[in-house]
Amino acid sequence: MNSVSVRSLLVRGMLAGLAAGVLALVVAYLLGEPHVDAAIGFEEAHAHSHDAGEVELVSRSMQSTLGLATGILLYGLAFGGIAGLAFCFALGRIGRFGPRATAALLSAAGLAVVYLVPFLKYPANPPSVGEPDTIGKRTTLYFLMIALSVLLAIGATILGRRLAPALGNWNATAVAVVAFVAAVGIAYAVLPTVDEVPEDFPASLLWQFRLSALAIQVTLWSGFGMLFGHLAERLLVPAPAARPAAEAATV
Amino acid sequence: MAHPIAPAAAPAIAPISLKAIAPWAAFFGILMLIVIYFVGAEQGATALISGENVHEWVHDGRHLLGFPCH
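Chains as they are written, first to last, in this note's numbering: chain A, 11 to 261; chain B, 2 to 71.
Since the hints were made in silico from the structure, they are not lab data.
The structure displayed is predicted, hence computed values, not measured ones.
Any given hint might turn out to be false.
Unchecked claim - Some, not all, of what chain B presents toward chain A, calculated at C-beta under 8 Å:
(1) 37
(2) 43
(3) 44
(4) 46
(5) 48
(6) 57
(7) 62
(8) 66
(9) 67
Claimed, not checked - Derived CB-CB ranges, DEER-like:
(10) 250/A with 15/B: 17 to 25 Å
(11) 15/B with 66/A: 53 to 61 Å
(12) 47/A with 16/B: 45 to 53 Å
What the hints assert, rightly or not - Derived coverage of chain A by chain B (criterion: at least 3 residues anywhere in the stretch with Cβ under 8 Å from a Cβ of chain B; other residues may be distant):
(13) 16-24
(14) 148-161
All C-beta atoms in this analysis are idealised placements derived from N, C-alpha and C, irrespective of residue type, glycine included.
Could you put together the complete structure from these sequences and hints?
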């Protein structure tokens with residue numbers, strides 16, 4: 011296969027990511043925004059006096075609509091592109107899976123590795139949770155956790171591929187997953203804990219905000235897997251014998 | 002008489018060569034990471050552009066996508 015199919019897969023990855031981003035945006039707007047508003051309400055009720063005169067650069071109504079859409083659609087587009095490139099690499103290298111199955115496995119792994127593993131150590135926080143002074147430390151730790159998770163997952167995949175000839179794909183995958191979980195557990199234990207929830211912040215609001223953040227990612231990655239799997243299958247798998255004539259007519 | 006060729010249950014798909022992937026991965030991989038940086042972290046812990054406009058514009062997305070915001 012040549013670079014034309016890499017380009018086609020990259021473009022399809024970005025488009026599938028964008029479309030999945032639209033689905034995630036709906037979830038974010040309907041499930042997430044009420045909790046963001048509630049948290050901002052809490053923040054304002056407990057505002058320190060120095061915040062009082064702050065000029066609002068972007069209004070709340072813009073932040074919760076166009077701003078939210080910008081963030082989530084770009085995120086979907088970007089991760090779609092990266093996942094499309096990862097798919098080019100994974101296809102035919104992780105076992106005898108066709109394009110659809112590879113896309114499904116890849117997006118499930120993407121959700122787990124890029125979001126779930128970092129989320130369990132450094133979960134999403136609503137406004138008013140988190141000291142502004144520690145933003146540098148929290149950002150570093152979060153991106154470090156993502157990078158670590160991705161590297162460990164790549165390591166586990168290589169381990170699984172090495173073991174596959176001896177153990178078979180299924181058992182090798184099980185060993186690789188256990189090794190990944192163990193390594194992540196060590197990383198969790200070693201990295202510092204961040205707990206900056208204000209004293210009287212409602213626990214139920216925090217829980218619901220985090221669940222809605224999780225729902226956004228589940229929607230994004232599963233939507234991406236379904237859409238991209240369909241597009242990649244159509245691109246890469248030759249049509250059944252009956253179809254070429256019909257397709258040639260349409261080209 | 003021709004034997005019908007049994008269709009393989011899951012025909013192995015030839016991997017795409019790394020040489021073909023590399024230029025796309027290098028250029029677009031980095032471009033995509035820059036996009037994620039602007040959505041997730043610009044004008045938070047670090048800032049390439051002065052001010053608060055980028056941060057404020059993607060504020061809700063940043064919270065809901067799980068990035069530390071402020």
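Okay, the hints, checked on the actual structure:
1. 37: holds (5 Å)
2. 43: At about 11 Å, which exceeds the 8 Å cut-off, the nearest Cβ of chain A leaves the hint on residue 43/B violated.
3. 44: Constraint on residue 44/B not satisfied, violated at 10 Å.
4. 46: With a closest approach of 4 Å, the residue 46/B hint holds.
5. 48: violated (11 Å)
6. 57: Holds: closest Cβ of chain A sits about 4 Å from residue 57/B, inside 8 Å.
7. 62: This hint holds: residue 62/B lies near chain A, its Cβ roughly 2 Å from the closest one there, short of 8 Å.
8. 66: holds (6 Å)
9. 67: OK, holds: residue 67/B within 8 Å of chain A, min 4 Å.
10. 250/A with 15/B: 17 to 25 Å: Distance hint for residue 250/A, residue 15/B holds at roughly 20 Å.
11. 15/B with 66/A: 53 to 61 Å: holds (56 Å)
12. 47/A with 16/B: 45 to 53 Å: Holds - the Cβ-Cβ distance for residue 47/A and residue 16/B, about 48 Å, lies within 45 to 53 Å.
13. 16-24: As far as the stretch 16-24 of chain A goes, the hint holds, because 3 residues have Cβ atoms under 8 Å from chain B.
14. 148-161: holds (count 5)
Going through the hint list in order, the structure does not satisfy hints 2, 3, 5.
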